[in-house]
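Asker: Residue-level listing of the chains:
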Amino acid sequence: MRHHPLTAILARLGTFLLVMVVLSLMIFTLARVVPGDPARMALGPAATPEQVQALRLQMGLDQPVVVQYLAYITKALHGDLGTSLVSQRPVTTDLAQTVPATVELVLVSVVFMFLVAIPLGVVTAHYRDRALDHGGRILSLTGVTIPSFLFAITLQLLAARVPGGWPIIGRLDHGLGWQGGPTGFLILDGLLAGRLDVVGSALQHIALPAFALSMAGIGQITRITRSSMIENQRKDHVLTLQSFGVPERVIIFRYLLKLSSIAPLTIMGLEFASLIGNAFVIEMIFAWGGFASYGLNAILQKDLNAVTAVVLVAGLFFIVANLVVDVLISIIDPRMRRKEAL
Amino acid sequence: MMRDTLLSVENLSVDFTSYGRTRQVLRDVSFAVAAGERVALIGETGSGKSVTAKAIIGTLPRNATIRTGQILVEGRNVLDLPRAGREALKGTAFSLIMQDPLSSFNPVFRIGTHLDDVMRFADRRNGIATSRAERRSRIAAVLRRVQLADAERVMNAYPFELSGGMRQRVLIGLALLHQPKLLIADEPGTALDVTTQDEILNLINSLVSEENMALLMITHNLGVVRKVSDRVVVMHHGDIVETGPCRTILSEPAKDYTRALLDAVPALYGPRVIDMAQSDRAPIVRISNLNKIYGRRNGYHAVRDVNLTLREGEIFGLAGESGSGKTTVARMIMGLLRPTSGELMIDAPAPAKGRRLTQIVYQNPGTSLNPKRTVRQTLTLPLKSIGMQGDAREARLIELMGLVRLPQSYLAKYPHELSGGQKQRVAIARALAAEPKILILDEPTAALDVSVQKTVIELLVQLREELGLTYLMISHDLSLMRNFCSRIAVMLRGEIVEEGATPAVFAAPSHPYTRALIAAIPVVSDVEEREKPVVTEEERMRFLVKSTD
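Quick mapping for you: the protein sequence lines, in order, are chains A and B. Each number in this note's numbering corresponds to the 1-based position in the first sequence with 44 added. Each number in this note's numbering corresponds to the 1-based position in the second sequence with 78 added.
If you're looking for bench data, these hints aren't it; they were derived computationally from the structure. Computed from a predicted model, the values in this text were never measured in an experiment. No residue lacks a Cβ here, since even glycine has one placed at the ideal position from N, Cα and C. It is possible that part of the hints are untrue.
[Claimed, not checked] Selected chain A positions facing chain B (in silico; Cβ < 10 Å):
{"no.": "1", "residue": "Thr284"}
{"no.": "2", "residue": "Phe288"}
{"no.": "3", "residue": "Val290"}
{"no.": "4", "residue": "Ile296"}
{"no.": "5", "residue": "Tyr299"}
{"no.": "6", "residue": "Arg379"}
From just these sequences and the hints, can you work out the full model?
Answerer: Here it is, written out as C-alpha cells:
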C-alpha cells in the first residue's frame with residue numbers, strides 16, 4: 045500500500061469535478077447554439093425589438109460565450125444559478141422546491157428495485173431452468189421491454205378501480221393541511237414532524253409512480269443477480285462449505301448473496317441515468333411536480349438558466365449515486381479497497 | 079496386523095447425465111481404507127478419482143446418479159442415511175482438503191468467518207452449544223497445529239491477503255477442526271510451488287501419524303504417491319486398474335497402464351534420464367544487465383541484472399518459482415515488455431513484414447485458444463498477417479497440421495471438441511505458423527497429464543530438429559527440465575542464481591536454492607530420492623518463501 049485510502053477518494057472526487065466542469069461547458073454552449081432567441085421567447089411576441097435588445101444586454105447575451113460561461117460559473121460557485129426567465133424567480137428557489145420531489149421518487153423506486161429484484165434473482169437462480177425461473181424470466185423481459193409510461197397508465201387505470209379510491213396524481217392529499225417541512229422529502233418531513241397521516245398519504249401517492257419507474261430496473265437487476273448467483277454457485281468455495289456441512293441457506297443467503305451483490309450494485313449505479321430520464325415521463329403522467337417536469341418546461345420555453353441548472357443537477361445526482369455505489373462495493377469487496385489504496 | 083476398516087467403497091457405479099446423454103464415470107469401483115492407513119487414489123484426467131471423493135463426501139453434482147454400490151463408513155452405508163445423518167458425518171467422520179487454496183475461499187469474507195461457520199454448524203449437529211469466543215480459541219489452537227502461529231492475524235485476513243502456502247494450511251486446518259478419522263485430500267499443493275508443496279505434504283504426513291488419522295490422497299502425481307501413501311489404487315476411465323502396496327506398485331507394477339504411467343514420469347536421476355546435446359552454434363539471443371522495474375516510484379524490481387546467452391538450436395530452461403521473474407524475462411525477449419535498462423539483442427536477419435522472430439506457446443491451451451473459433455480460423459490468423467493467400471495458405475494449413483501430427487479433418491473442429499494434448503498441439507501449430515526462429519514455451523505441459531506431457535515433449539523435440547528452432551522453456555518443473563533442456567538457469571527473486579549445462583547443474587548444484595528446489599521434487603523411486611542434494615535447515619530458512627507466517 046503506497047497511498048493512503050483518502051488519496052484515492054480525493055482523486056475520485058477530482059475526476060467527478062472534472063466531469064461536472066465538462067458537462068456544464070457542454071450544456072452551456074449547447075443551450076446558446078440552438079436556434080431561437082431566449083430573450084424574445086421570454087418576453088413574448090408582443091415585445092418591441094428595443095425591449096428584447098435590452099433584455100439581451102441584461103442577460104449578457106451580447107458577450108462571447110466564454111465570458112458568459114465564466115460569469116455563470118463564478119456566480120454558480122456562490123450559489124447563484126441565475127433567474128428563471130419563465131417563473132421570474134431565482135433558479136435555486138425553483139430547484140429547492142422541485143428537486144426533493146424527484147429525489148424522493150427515484151430513491152423509493154430504487155428501494156423497490158432492491159426489494160423485488162434481489163430476492164427474485166436469488167429465487168430464480170436457485171430454481172434455475174424450472175417453472176419459477178421461466179416465470180421470472182418472462183417477468184424480467186416484460187419489465188425491460190414495456191415502456192414505463194405504459195406501466196404508469198395501466199397502474200393508474202387499476203388504481204382507479206380500488207374500492208375506496210387510491211390517489212393517482214400528486215404527492216399528497218391537499219386536505220391534510222401540510223405546510224411543507226425542512227427537507228422537502230415528504231416521507232422524511234412527515235416522520236420528523238410526527239405526522240403519520242402525512243407519511244401514509246405520501247407513501248400512498250408515491251407507490252404507483254415509483255413502481256412504474258422501477259419496472260425496467262427490476263427486470264435488469266433480477267437477471268444480473270440471477271446470473272451472478274449461478275456463476276458463483278459453481279465456485280470451489282461453495283463446494284468447500286458444502287463439504288463441511290454448512291447448511292444450504294447459510295451458503296446462499298450469507299456467502300453467495302454478498303459476493304453476488306457486487307454486479308447488481310454496479311448496474312444500479314448506471315441505472316440511475318435511465319431512472320432520471322424515465323422520471324421526466326413518469327412525473328408528467330402523475331403530475332408529480334418534480335424537477336423533471338420543471339426541466340421539461342424549461343426546455344420547451346428555452347429558459348436558459350433553468351435548463352443549464354436542471355442538466356447540472358441531473359449530472360450531479362448521477363455522479364453522487366455512482367460515488368455511493370463505489371463506496372458500497374468497496375465495503376463489500378475487500379479487494380476493491382486494496383486496489384484503490386494501491 | 080489387521081486394522082479396522084474405516085471406509086469401504088463397494089461396487090460403486092456413478093452416471094452423469096448432461097444434455098440428455100448418460101455417461102458412466104465410475105464402474106464397479108471397490109476399495110477400502112483401514113483406520114490410520116494412507117491410501118492414494120491415482121489417475122489422470124477423467125479417471126473418476128475426484129468423483130469417487132465427491133461420492134464419499136456427498137457433494138456430487140445434481141446431474142450425477144449413483145447406480146449401484148455402497149459406501150460404508152465405519153460399517154454404516156452412508157448412501158442409506160437420511161440427509162441430516164449424512165451431514166453429521168461431514169467434518170467429524172471424514173473431511174476434505176481442497177485443491178486450490180485461493181478459489182476455495184469466498185473472496186469477500188474473512189478467513190475466520192469461514193472457519194467459524196464450519197465449526198459452528200458442525201458443533202450444532204453434534205449437539206454442542208458454543209460461544210463465539212470459545213470457538214475462536216479452538217480455531218486458533220487448530221491453526222497453530224498447521225504451523226500458523228499468528229492465528230489472530232490469519233483469522234482476520236481476507237483470502238487474498240495470505241500466501242498460497244498459508245491458505246493451503248488454513249484449508250488443512252479447516253479439515254482438522256473436528257478431529258476426523260479420515261482425511262480426504264484432493265490434490266493438495268498442486269496449485270503451489272514445488273517447495274511449498276513439499277512442506278504441505280510433510281505437514282499432512284506428520285498430522286496423519288500424530289492424530290492417527292487415515293488419509294485418502296487423490297492425486298495425479300506419482301511422486302506425491304510415494305511420499306504420502308502406504309497403499310495405492312490406480313484408476314483409469316472410471317475403472318480400478320490395480321491396487322497394491324505403494325512400494326510394489328511403483329517398483330513392479332502388474333498392469334501395462336500403470337507401467338506406462340510410471341514410464342511417462344520424467345526421471346530426475348538414474349538410467350532413464352535423457353541428456354540433451356549441447357549446442358555449439360552461434361548465439362542467437364544475448365542479454366546483458368537486463369532490468370525490469372514495474373511501476374514508477376518505488377516500483378517492484380521484477381528482473382535484476384540478468385545476463386543470458388541463448389545459442390541457436392538449443393533448449394534453454396529458465397527455472398524458478400512463481401514471482402521469480404522468469405515470465406518477465408520471456409516477455410521482454412518477445413518484445414511484449416520494454417526493459418527498464420540493459421541490452422537485449424537477437425542475432426538474426428530482420429523478419430519480413432508481419433513475421434516475428436519469437437513466438438510463444440502458453441501454459442493452458444484451454445484458455446489460450448478462442449473457444450468460438452475453429453482450428454482453421456485460429457491458424458489462419460497468423461498466416462493472413464504474413465500475407466499468405468489462397469492455395470498457398472491452404473497448403474500451409476495442411477502442412478502445419480502434419481507438423482503437429484494432427485489429422486487434416488481437425489481443422490474444422492472447435493477447441494472443446496479436442497483433448498488437452500490436441501489443443502496444445504494446435505497452440506504449437508499456431509506459434510509455428512509464421513515461421514519464428516525462437517519458440518518460448520511457458521510451462522507448455524503444466525496443464526496436461528503426464529502421459530500426454532510425454533507425447534507433447536517428444537513432438538517439441540522432433541520439431542526442433544526438423545525446423546532448426548531454438549527453445550526457451552519457462553517452468554518450475556525441474557524433473558521435466560532435466561530431460562528436455564540442454565542448458566538451464568535458475569531464477570530467484572529476479573536474479574539468476576545458477577546457470578549451466580543441465581547434467582552439470584543437476585549433478586552438482588552449487589547454489590543452496592537450486593539444491594532446495596531439486597530436493598523438493600517428488601520422485602517415484604528410492605534410488606532417485608537418495609541421489610537428491612542435501613539442504614540444510616539454515617539454507618531452507620534463507621532462500622525459501624515461508625508459508626508458516
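Asker: Interface hint check: phenylalanine 288 of chain A, Cβ to nearest Cβ on chain B, cutoff 10 Å. Holds or violated?
Answerer: holds, 4 Å
Asker: Let's test the interface hint: is any C-beta of chain B closer than 10 Å to that of threonine 284 of chain A?
Answerer: holds, 5 Å
Asker: Min Cβ distance, isoleucine 296 of chain A to chain B: is it shorter than 10 Å?
Answerer: Violated. Min distance 12 Å.
Asker: Interface hint check: tyrosine 299 of chain A, Cβ to nearest Cβ on chain B, cutoff 10 Å. Holds or violated?
Answerer: Because about 5 Å separates tyrosine 299 of chain A from the closest Cβ in chain B, which is inside the 10 Å limit, the hint holds.
Asker: Does arginine 379 of chain A meet its interface restraint, that is, does its C-beta lie within less than 10 Å of any C-beta in chain B?
Answerer: holds, 6 Å
Asker: Is the shortest C-beta separation between valine 290 of chain A and chain B less than 10 Å?
Answerer: Interface hint status for valine 290 of chain A: holds (5 Å vs cutoff 10 Å).
Hint 4 alone, counting from the list given before, is not met by this structure.
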